[in-house]
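S.K.: Below, each chain spelled out in residue letters.
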Amino acid sequence: MNAKRILFLVAHPPHRGALAFEMLDALLVAAVFEQKVSVLFSGDGVYQLLDTGQPYRDVARSYRALPAYDVNDIYVDKTAMRQRSLSVEALVLPVRVLTRRGIRALIAAQDVVVPD
Amino acid sequence: MKFAIAVHGDATNSESPHSALRFARAAVAKGHQIHRVFFYHAGVNLANSLIVAPQGEPDAGDDWARFATENGIELAVCIAAALRRGVLSEQESHRYDRAAANLKAPFQIVGLGQMIEAAIVADRFVTFCA
Chain A
1 MNAKRILFLV AHPPHRGALA FEMLDALLVA AVFEQKVSVL FSGDGVYQLL DTGQPYRDVA
61 RSYRALPAYD VNDIYVDKTA MRQRSLSVEA LVLPVRVLTR RGIRALIAAQ DVVVPD
Chain B
1 MKFAIAVHGD ATNSESPHSA LRFARAAVAK GHQIHRVFFY HAGVNLANSL IVAPQGEPDA
61 GDDWARFATE NGIELAVCIA AALRRGVLSE QESHRYDRAA ANLKAPFQIV GLGQMIEAAI
121 VADRFVTFCA
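Chain order of the listed sequences is A and B. Under my numbering, think of the first position of the first sequence as 1, with each following residue one higher. Under my numbering, think of the first position of the second sequence as 1, with each following residue one higher.
Quick caveat, the hints were computed from the structure, so don't treat them as lab data. There could be a bad hint or two in this list.
[Unchecked claim] To list a few chain A residues with every Cβ distance to chain B over 10 Å, as calculated:
{"#": "1", "residue": "53"}
{"#": "2", "residue": "79"}
{"#": "3", "residue": "86"}
{"#": "4", "residue": "108"}
[Unchecked claim] Pair by pair, the computed Cβ-Cβ distance ranges are:
{"#": "5", "chain 1": "B", "residue 1": "56", "chain 2": "A", "residue 2": "82", "range": "43 to 49 Å"}
{"#": "6", "chain 1": "B", "residue 1": "32", "chain 2": "A", "residue 2": "5", "range": "18 to 24 Å"}
{"#": "7", "chain 1": "A", "residue 1": "89", "chain 2": "B", "residue 2": "50", "range": "47 to 53 Å"}
{"#": "8", "chain 1": "A", "residue 1": "51", "chain 2": "B", "residue 2": "59", "range": "41 to 47 Å"}
{"#": "9", "chain 1": "A", "residue 1": "2", "chain 2": "B", "residue 2": "95", "range": "34 to 40 Å"}
Backbone N, C-alpha and C fix where the C-beta goes; we use that ideal spot for every residue, glycine too.
With the sequences and hints as input, model every part of the structure.
M.R.: Shown next, in the form of structure tokens:
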């Protein structure tokens, strides 16, 4: 079975019930299934990559483990970052910043898109 | 075409299960195949047989159950999402020593791997967000 390109689209803020952690779980399972996994944080989803310093229920700390699962295609929406006055240095792991045009190209290249 | 459908919202807080069911009915009516419907996040509440819909409102869980039975479609519920929301099969109720089981038939408790498997084998994976 050929690996599929699966993009997880994270657009909701953290601390919205279990949603953030459940999306991360789905992403990690896709990675374990050896699919070509990428993730894009847009809208309030970019807040999921901010380290809040809380020891519990901080999804950012869990996202830090992505490279250990061979997930290295991690993107953030440039507009979402600018609107929230966030810089990539504030995020818990290295990301690639995409313009709207870049996002369109990223989505067009996928077999599957899973929004949160 | 072979579809897989993900339902992320429940009947109380979103249109997700209703929209997804209309989509599924339309797909079947057009002769398409539905490989699996995967209930995740709050969508697992559709499988809670103890929920009572207000009078005059459709019961989304019952509607899904009937549609699936009539068309031989698999309704899969994520086990981790179901446990934390109190949706338990007989087996899980026994395992965690709870007072009752409430999983509605023909919903089945499965692992999250079944969501990714559905995304892999289906021609289209369609998500209905909360």
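S.K.: State for each hint whether it applies.
M.R.: Hints, verified against the model:
No beta-carbon of chain B is positioned within 10 Å of the beta-carbon of residue 53 of chain A; the least distance is around 25 Å. Against the 10 Å criterion, residue 79 of chain A stays outside the reach of chain B, whose nearest CB is about 20 Å from its own CB. Non-interface call for residue 86 of chain A relative to chain B: holds, since the shortest CB-CB distance, roughly 24 Å, exceeds 10 Å. The beta carbon of residue 108 of chain A sits about 15 Å from the closest Cβ of chain B, which is more than 10 Å, so the claim that it is off the interface holds.
Checked against the hint of 43 to 49 Å, the pair residue 56 of chain B and residue 82 of chain A passes, with Cβ atoms roughly 47 Å apart. Residue 32 of chain B and residue 5 of chain A have their C-beta atoms about 23 Å apart, which keeps the hinted 18 to 24 Å range intact. At roughly 49 Å, the beta-carbon separation of residue 89 of chain A and residue 50 of chain B lies within the given 47 to 53 Å, and the hint holds. For the hinted restraint 41 to 47 Å between residue 51 of chain A and residue 59 of chain B, the CB-CB distance of approximately 43 Å keeps it satisfied.
Between residue 2 of chain A and residue 95 of chain B the beta carbons are some 37 Å apart, a value that agrees with the proposed interval 34 to 40 Å.
Of the numbered hints stated above, none is contradicted by the structure.
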